[in-house]
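Whole structure, please, built from the sequences with the hints as guidance.
There are 2 protein chains.
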Amino acid sequence: MTHSVNSDLDLMLSRVIKAPRELIWRAWTDRANFEQWWVPAPAKCRVVDMELRPGGSFVTQISENGADFMPHLSACFLDIDDGKRIVFTNALVGGWRPAEHPFMTAIITLQDHPMGTEYLAHVMHRNQADRSMHEELGFYDGWGTVAEQLATLVEGRDDGRPTSSEVTG
Amino acid sequence: MTHSVNSDLDLMLSRVIKAPRELIWRAWTDRANFEQWWVPAPAKCRVVDMELRPGGSFVTQISENGADFMPHLSACFLDIDDGKRIVFTNALVGGWRPAEHPFMTAIITLQDHPMGTEYLAHVMHRNQADRSMHEELGFYDGWGTVAEQLATLVEGRDDGRPTSSEVTG
Chain A
1 MTHSVNSDLD
11 LMLSRVIKAP
21 RELIWRAWTD
31 RANFEQWWVP
41 APAKCRVVDM
51 ELRPGGSFVT
61 QISENGADFM
71 PHLSACFLDI
81 DDGKRIVFTN
91 ALVGGWRPAE
101 HPFMTAIITL
111 QDHPMGTEYL
121 AHVMHRNQAD
131 RSMHEELGFY
141 DGWGTVAEQL
151 ATLVEGRDDG
161 RPTSSEVTG
Chain B
1 MTHSVNSDLD
11 LMLSRVIKAP
21 RELIWRAWTD
31 RANFEQWWVP
41 APAKCRVVDM
51 ELRPGGSFVT
61 QISENGADFM
71 PHLSACFLDI
81 DDGKRIVFTN
91 ALVGGWRPAE
101 HPFMTAIITL
111 QDHPMGTEYL
121 AHVMHRNQAD
131 RSMHEELGFY
141 DGWGTVAEQL
151 ATLVEGRDDG
161 RPTSSEVTG
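Quick mapping for you: the protein sequence lines, in order, are chains A and B.
Position one of the first sequence corresponds to residue 1 (this note's numbering), numbered consecutively onward.
Position one of the second sequence corresponds to residue 1 (this note's numbering), numbered consecutively onward.
In short, the hints are calculated from the structure, not lab data.
Take the hints with a grain of salt, since some may be wrong.
Treat identical chains as interchangeable: a pair holds within one or across any two.
[To be verified] In silico SDA-like cross-links for lysine to any residue, where the CA-CA straight-line distance does not exceed 20 angstroms:
id	residue 1	residue 2
1	LYS84	GLY95
2	LYS18	LEU73
3	LYS18	GLN149
4	LYS84	VAL5
5	LYS84	ALA121
6	LYS84	GLN128
7	LYS44	PRO20
8	LYS84	PRO54
9	LYS84	ARG53
10	LYS84	PRO114
11	LYS84	GLU135
12	LYS44	GLY138
13	LYS84	ASP30
14	LYS44	GLY66
15	LYS18	GLY95
In this text the structure is predicted, and so the values were computed from the model without any measurement.
Structure below.
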């Protein structure tokens with residue numbers, strides 16, 4: 001990793017996923033795969049934009065009833081290191097334009113691990129207040145839940161139910 | 001150019017500089033050169049950070065009296081296309097962290113021109129209010145003045161005084 005972590009401003013979630021990096025990368029970068037795990041079930045996700053390049057638009061929607069979709073994430077990809085790292089921020093929208101409601105930058109890193117892949121989400125905020133708010137809004141529960149859904153998908157478990165003992169973050 | 005312009009949200013400044021792209025690129029990317037033109041004279045500029053890579057910190061200071069330096073720009077480079085394009089934003093700081101006071105993203109483009117180089121500054125805002133404020137704060141005068149200072153430097157004119165007739169933006 002070439003980036004540094006500031007524990008006063010950042011939130012981190014890591015877990016080991018028992019699948020090769022390539023599978024996790026595909027689950028992140030293939031729209032149909034991504035929609036299966038990006039929001040906590042039973043809510044549904046729809047990918048509006050996923051332009052996997054620096055400056056590319058990254059927009060998702062969420063639906064509680066599977067029919068009516070609302071805005072979820074409106075962000076901009078900043079860096080794509082194929083198979084290894086994805087950086088995006090909602091401080092910008094597609095084309096690098098400043099966003100109306102900036103809040104966080106996320107660096108998603110995949111690293112080889114003896115049991116599969118270490119999945120790391122490093123989320124940066126502008127100040128301690130935003131970090132605290134994000135934690136109180138349920139960062140660990142929310143990002144933990146969807147990381148578990150991602151693991152369930154790529155580990156080939158078909159029960160579709162999270163096994164909470166595997167959440168390490 | 002691969003980016004699009006939204007005239008409701010963006011401000012543009014362009015001018016022809018009678019020098020090759022390489023010279024202008026050097027004046028942009030060499031700290032000592034850059035400090036000579038980045039703020040309107042007689043104010044002085046100091047480069048604190050100029051990490052020319054995506055995610056790199058870009059911080060400058062300004063001094064009215066040449067002794068006491070104050071914050072000027074605190075930004076993050078987003079894309080560096082060698083010799084051709086520089087993208088930075090103050091919606092982020094170094095390492096892509098969200099900034100406390102986001103306002104603009106700038107795309108600086110150098111294009112070959114029969115008379116030398118077309119210098120284009122495309123500045124994007126989140127909404128019309130920010131665009132209007134930037135215009136009222138003197139965008140054309142400010143960015144025009146320093147583009148003229150840049151031209152004076154790379155065109156080898158040693159009078160150091162802007163020739164306003166050459167400002168085309």
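Which numbered conditions among the earlier hints are violated in the structure presented, ordered from lowest to highest? 2, 6, 7, 11, 15
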